[in-house]
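Protein chains in written order, with my numbering: chain G, 2 to 357; chain B, 43 to 369.
The set of hints was computed from the structure by calculation and includes no laboratory data. Small disclaimer: the values here were computed from a predicted structure and weren't measured. Warning: the hint list may mix true and false statements.
Now the stretches of chain B that chain G is said to cover, found in silico as 3 or more residues with beta-carbon under 8 Å [unchecked claim]:
| no. | segment |
| --- | --- |
| 1 | 64-75 |
| 2 | 335-342 |
Residues from chain G that keep clear of chain B, each with C-beta distances beyond 10 Å, as calculated [claimed, not checked]:
| no. | residue |
| --- | --- |
| 3 | M2 |
| 4 | S51 |
| 5 | S58 |
| 6 | V72 |
| 7 | T76 |
| 8 | R125 |
| 9 | Y267 |
| 10 | A342 |
A virtual CB, placed ideally from N, CA and C, is assigned to each residue, including glycine.
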Amino acid sequence: MKTALAPRHAARIARYRPRRSVDGIAQGKLSSNETPLGPSPATIRAIAASAPEANRSAVGDARRRLLATEVGVETDRIVVTNGSDELCYLVAALFIRPAAPVVLSDPPYQINEIASRLQDGELRFVPLRNGVHDLEAMARAASDAAVLWLPNPHNPTGTAVEHDGLRWLLRRVPASCIVVLDEAYRCFVDRERRPDVHELLADHANLLVQRTLSKSYSLAGLRIGFAFGDREVVGAIDGVRPPFNVNSAALAGAAQALRDRAWSNYNVAAVRRERERFAASLQELGMTHWPSQGNFITVRPRDPARVRSLLADRGISVRDGEELGLGGWLRISIGSPPRMALVRQVLRETEAADGG
Amino acid sequence: MNARAALLHEDLRLEVGERKLADVGPGEARIRVEWAGLCGSDLHVMRTGAWVQEWPATLGHEVFGRVEEAGPALEIEDGTRVVLDSRLPCLGCEACARDPNTCPNIRFLGEARPGGFAAYTVVPGRSLHRVPEGLEGEDAVLAEPLAVVFHALNELTSVPERTLVVGHGPMGALAHIELRRRHADLPVSVAEPARLRSELAAALDADVRSSATEFPEGSFDLVIDAAGYGGVLGDAITVAAPGATILALAISDRPASIRPIELIEKRITLKGLNAFIDELPEAIDLLAAEPWRYRPVITDAVSLDELPEIAATQLAEPEGVKVVIHP
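With the rest of the complex left out, here is chain G (with noise of 0.2 Å):
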């Protein structure tokens, strides 16, 4: 009989399954949260000629440097990653220990739960509260943790947690707990529900703050994450990360995208006005839905597997709630203007009082 070689813990990780567009039709790929805007002109320009330096392995400095002055903080405070998933598997590696207790919503952003589990920590979920974090129980929940992941807003429901709330949160975890606010939809926020981070950066040196440039800047696809918070915290991250763990290509469109503010502005623009017009269609329609400050809506259907294969036959792909810890609902990524008016017109055939 063969050993086993794969650690116990690991295999019953549950994996994670990223979809795939329909029939190679990217436009209607709703089920990742990607932007339907591609990067600037300039931005895939830069990449472009970033091309014949592929033979060199690339450092990060001045890029860390460009977004350290984005968010508004010294350089020795951030962290590059390769996508925001690294920083987790990084995060999780360095505070969690075997059987110690970590804090996440139920349901959770996967990949937290994915790290957490693979340093084999103790997982204690806290339901969503009306598809809120639930700061309170969190707060409880958290007494002797090592770590509370804090999506804001959530993913998979698009809820958010204000200023006010977070800093409620902060005062009751204790300063040995790694709070670790994953930012990605920031950018997707009403500007004044979002909160004044440096603020509670100021206070709460356990506070790790997360960012991703694959929304607003839509380089997903070259794997851009970083994250600031306490020069110890940051620096610990720092110091165990793989030494060329950003590639070349997503450092030149790092720079150039960072200097394209107003292509990510307008990026921004669409996507809130577009998940406007879907947010007053379900409110029309009276569907279910939690009401989303990212760039996705989750939805709760009559028939979710009926919905699922009429989208499809639009050459649409949207995230089955199931997979996602949300039996019953879909999750739907803020499209282009013409995939979203389809995703209207199917929804209107489903949902309205005499469709169906």
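Take the given structure of chain G and dock chain B to it, following the hints.
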């Protein structure tokens, strides 16, 4: 056969109803419309009733769809994905005998016969242009307006140094993008008051101001009028540099007040341009190659039922850039 269609009545009331489709004659095809673009000229007709030959009219000449039925003497498979040539040459004149592209009596789909703001439209076979695999309908629907832009920019005899685009609606935005594709480092300025339109102009790295008069006099060697407001030609002449070219693309019947002496002293070339000649296949090819470049102009996509409401908005105070309809 009846089809759901947008009906523009002679009193300029726009509603969605049923209309009887013409039988598919020899050399014609019935097209199931998947996407139809709302053009400035559609809005002009909705505002004025110009050019319509038979009421109620079903406008819409920027069309992507699939062949549903080909008439006798037309060899094209059902289901073929096509965009339509919007022009309907008379085919009876001397020019048509030489080259229908040069017909002086040319009419347009939607005005001379029911167009694409409908579930189906019947068109001559010569209007059909195949869409290559891989080019999505929602991108291909931009082929017709892009061909118009090609036609206009192909008129330029030299590379401009400083360009002003007045009006960043669909034509202005496409012209801007196309200019930048041809000359990546060309400085482009844009005059546009509407928020989303000016945000798109800024995203494309333009110097954006809300009006042409905010730019210094004599600044530009190319000015593109894609706005069509009353005083636009006067403003364009003022900001044009000596020797400049002004391309007038916007459809407007508002009287324009200009001081001819400015035109003369600055030796300005003023060109009015309409439609296209043979640029449609080139536009389709380019959309197939680089759809990402043009996609940002589509800001609104609605159903046929929603057309009257969004058309009213675009007529009163345009918000979005390009509106496309999914009948």
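Hints, one by one, checked against the model:
By the rule of at least three residues with a Cβ nearer than 8 Å to a Cβ of chain G, the coverage given for the segment 64-75 of chain B is violated, with 0 such residues. For the segment 335-342 of chain B, the stated coverage by chain G is satisfied: 6 residues place a CB nearer than 8 Å to a CB of that chain, which reaches the threshold of 3. Distance check on M2/G: its Cβ is at least 51 Å (rounded) from any Cβ of chain B, clearing the 10 Å threshold; non-interface status holds. Annotated as non-interface, S51/G keeps its C-beta farther than 10 Å from every C-beta of chain B; the closest such distance is 17 Å.
Taking the minimum C-beta to C-beta distance to chain B, about 29 Å, the non-interface status of S58/G holds against the 10 Å cut. Against the 10 Å criterion, V72/G stays outside the reach of chain B, whose nearest CB is about 21 Å from its own CB. Separation of T76/G from chain B is adequate, the least Cβ-Cβ distance of about 28 Å exceeding the 10 Å criterion. At roughly 44 Å, the least C-beta separation between R125/G and chain B is larger than 10 Å, which holds for a residue marked as non-interface.
A cut-off of 10 Å between C-beta atoms contradicts the statement that Y267/G is not in contact with chain B; the least separation is 4 Å. Annotated as non-interface, A342/G brings its C-beta within 10 Å of a C-beta of chain B; the closest such distance is 4 Å.
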